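As you go down the protein sequences, you meet chains A and B in turn. Sequential numbering of the first sequence, starting at 1, is according to our numbering. Sequential numbering of the second sequence, starting at 1001, is according to our numbering.
Incorrect hints may appear among the rest.
As the list claims (entries may be wrong) - So the derived label-pair ranges between C-beta atoms look like this:
| hint | chain 1 | residue 1 | chain 2 | residue 2 | range |
| --- | --- | --- | --- | --- | --- |
| 1 | A | Pro-320 | B | Asp-1389 | 38 to 44 Å |
| 2 | B | Arg-1215 | A | Asp-337 | 42 to 48 Å |
| 3 | B | Gly-1094 | A | Pro-225 | 58 to 64 Å |
| 4 | A | Pro-304 | B | Arg-1250 | 35 to 41 Å |
| 5 | B | Thr-1170 | A | Gly-332 | 25 to 31 Å |
| 6 | B | Leu-1038 | A | Thr-96 | 43 to 49 Å |
| 7 | B | Ile-1199 | A | Asn-164 | 56 to 62 Å |
| 8 | B | Gly-1094 | A | Leu-198 | 53 to 59 Å |
| 9 | A | Asn-164 | B | Pro-1282 | 54 to 60 Å |
| 10 | A | Gly-191 | B | Pro-1335 | 32 to 38 Å |
| 11 | B | Glu-1395 | A | Thr-279 | 54 to 60 Å |
| 12 | A | Gly-332 | B | Asp-1248 | 48 to 54 Å |
| 13 | B | Pro-1335 | A | Glu-156 | 30 to 36 Å |
Source of the hints: derived by calculation from the structure; they are not laboratory data. Note that this is a predicted model, so its numbers are computed, not measured. All residues carry an ideal CB built from backbone N, CA and C; glycine is no exception.
So you can see what is in the structure, the chains are spelled out below.
2 protein chains.
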Amino acid sequence: MSTAPQTALEKGALVGSGKFLLRDVSLPAAVLHERPLLNNISWMQGFAERHGARLAPHGKTTMTPRLFHRQLEAGAWGITLATATQCVAAFEHGVTRLLMANQLVGAANMSLVADLIERGAEFYCLVDGVENARALNTFFAQRGLRLQVMIELGVEGGRCGIRNDVELDTLLAALAELPALSLTGIEGYEGIIGGQDLIAGVRAYADRLIDTVRRLKRRNALALPKPLITASGSKWFDLIAEAFDLADLRDECTPLLRPGCYVVHDHKLYADAMEDVKTRHPDLQGELMPALEVFAHVQSLPEPGLAIIALGKRDIGCDPDLPMPLRWYSEGKPPRDVRDWTVRNLMDQHLYLSVPAKTDLAVGDVLSFGTSHPCLTFDKWRQVLLVDDALNVVETLATRF
Amino acid sequence: MSTAPQTALEKGALVGSGKFLLRDVSLPAAVLHERPLLNNISWMQGFAERHGARLAPHGKTTMTPRLFHRQLEAGAWGITLATATQCVAAFEHGVTRLLMANQLVGAANMSLVADLIERGAEFYCLVDGVENARALNTFFAQRGLRLQVMIELGVEGGRCGIRNDVELDTLLAALAELPALSLTGIEGYEGIIGGQDLIAGVRAYADRLIDTVRRLKRRNALALPKPLITASGSKWFDLIAEAFDLADLRDECTPLLRPGCYVVHDHKLYADAMEDVKTRHPDLQGELMPALEVFAHVQSLPEPGLAIIALGKRDIGCDPDLPMPLRWYSEGKPPRDVRDWTVRNLMDQHLYLSVPAKTDLAVGDVLSFGTSHPCLTFDKWRQVLLVDDALNVVETLATRF
Chain A
1 MSTAPQTALE KGALVGSGKF LLRDVSLPAA VLHERPLLNN ISWMQGFAER HGARLAPHGK
61 TTMTPRLFHR QLEAGAWGIT LATATQCVAA FEHGVTRLLM ANQLVGAANM SLVADLIERG
121 AEFYCLVDGV ENARALNTFF AQRGLRLQVM IELGVEGGRC GIRNDVELDT LLAALAELPA
181 LSLTGIEGYE GIIGGQDLIA GVRAYADRLI DTVRRLKRRN ALALPKPLIT ASGSKWFDLI
241 AEAFDLADLR DECTPLLRPG CYVVHDHKLY ADAMEDVKTR HPDLQGELMP ALEVFAHVQS
301 LPEPGLAIIA LGKRDIGCDP DLPMPLRWYS EGKPPRDVRD WTVRNLMDQH LYLSVPAKTD
361 LAVGDVLSFG TSHPCLTFDK WRQVLLVDDA LNVVETLATR F
Chain B
1001 MSTAPQTALE KGALVGSGKF LLRDVSLPAA VLHERPLLNN ISWMQGFAER HGARLAPHGK
1061 TTMTPRLFHR QLEAGAWGIT LATATQCVAA FEHGVTRLLM ANQLVGAANM SLVADLIERG
1121 AEFYCLVDGV ENARALNTFF AQRGLRLQVM IELGVEGGRC GIRNDVELDT LLAALAELPA
1181 LSLTGIEGYE GIIGGQDLIA GVRAYADRLI DTVRRLKRRN ALALPKPLIT ASGSKWFDLI
1241 AEAFDLADLR DECTPLLRPG CYVVHDHKLY ADAMEDVKTR HPDLQGELMP ALEVFAHVQS
1301 LPEPGLAIIA LGKRDIGCDP DLPMPLRWYS EGKPPRDVRD WTVRNLMDQH LYLSVPAKTD
1361 LAVGDVLSFG TSHPCLTFDK WRQVLLVDDA LNVVETLATR F
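Isolated chain A (complex conformation) (with noise of 0.2 Å):
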């Protein structure tokens, strides 16, 4: 019933034969930088390696699988993803081990599930209740299929998971009289900790993570030999990969960090995170660095001090913070920093910046922009272009949202 062909000039769009970003592109358009996104797929699996842990990358935050599979040839253990049409197109691009870090509810989302392992994907979700178990347990039955789920363990006033020893007695009592259900790990977000020393909490969490796989793999809960343990987004991945590195797990567990938006990395929330991390960390040997921007025309320059860019809320992500000028562009000239122009208001289409009021800007230059947390940058695209250091278009990826 769709009337979309199947060949569409989505934005963002290469025009002519041409390569060169600011030449032969339909801007605005999302760019990845090749060596930064490289830099990152590399430095965070040695990280986790060198920590003893496992990579399973948050694969929301791109939707990218030509990412996904740069990620599992670095070395990835799988992909995690947050729903079931992620995993969906995950599988339908070749990846076949798949960490739903979520859990699993309504009939169609699981019958979709239950096609994938019966195509061969390794599949993983997470229950936090005797109810949603129950439901899959009977949906999965009937199929004939046996579904691998970990226990989320969650906070008081936090999201998702069981919030204490008497919930997760309850629940395992449950799991025990579901045959169709196999327990394979535990999980949890240290994402949603709060309270006055975050660090502490943060550690406090990763250890009863720990103690929980523990006490489960000696009452005999847990279905696989090396049950998962799996935490970690981009904010706080060193505390969790230090604790689990220094409970010495990697000889009964399979640790499991599984960030997102490291491959991409930002210009703010997580560019702070990152010098967090070095300051914790004095010795860290190279870092994460940001990969994408957003280009866009200066498109109209309606009164001194005030440049309106084509590029809008359509375009690029403003939530925790505005988009942030970076370069500027203008034909014949080299490139020059504009780090200290300030977006005033970003609307659906528009972005109103401050310029300095004599300046040579000119309606059709180019600016680039970088984000504060990228994920709701790449949703806002179809495809994404990677390019060179030259601003050639290396390769157009498509997302899958």
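Place chain B on chain A using the hints.
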């Protein structure tokens, strides 16, 4: 270079052979209710006609070609769009009269538009500066084409558009020397008007548009016998329509209204605006009705009074207001009104909903949510589901963001 398969299973997809939204669809899903949708298309068309204006609905809101077709079938003059790639998407789906309510900037974007004109599109875009006008003239002259442009009238402190008559005269003098450009009308957007008395401000702005188009006619500066005059989003459309009607423009101009959000309306921003329209027009017959909702599952009930819903910023807009819970669907029970429940927080893939501490809400139940401002919900979806009153899916509508 894209690796996306041609027949992707998107989020919100029908799963299996049934068509019942609450059972056969992978939730979350974006849903259009057919009855209010058809009401809105018909109502705004009638409103424009009664005021002697044509309707050029802004397509950027939905970027859903099947809705463009319905708007055109109801009598719309053409479709308004915001960018060159949006125009390409509309044209590829059979929309031949395109009003790009923006400046056309960048060689790649000009090339896309030149291709459309060569393929038969009736295309209009805006100019507000000599520099851009000259660049357009050079490009389209080289292609052997004429480009139809309209002058955008802006306001001090506003967005694009010339600010005053001095700038108007400068631009007119330049356009007179640019043979590849045809000046075809005057454009404005009243949504950027500020000040104490917005109603008086919008009326004065409409009068300035009318006065300007008449002056240009007298000076023979316009290439069309009935030049275009256009303004109006979905908030102040009544004031713009009245001003055009009072000026009795229809014999000398083509007055165009171009609201976009009206087609699905909303549950807050435009719902409030509609109340204001009704207050200004106590005799108004009929009204706009909300047609867009997002349906999602209860994913977890981790604490009394808190439900985590499988719905996030990846699925629903939260600008300017958080999503609003509307109805609760539990199998075997009639839908219940939950508009008094409140959203605490929205993350990328999760929504925190405050619910009564004692409730029989269950994991797997379905909730529908409304939005404030529909644009930033539409662009989260590659397809939206058109449903009838019984919540059966009537059609899957592809979007082209």
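Which of the listed hints are not met by the structure? none
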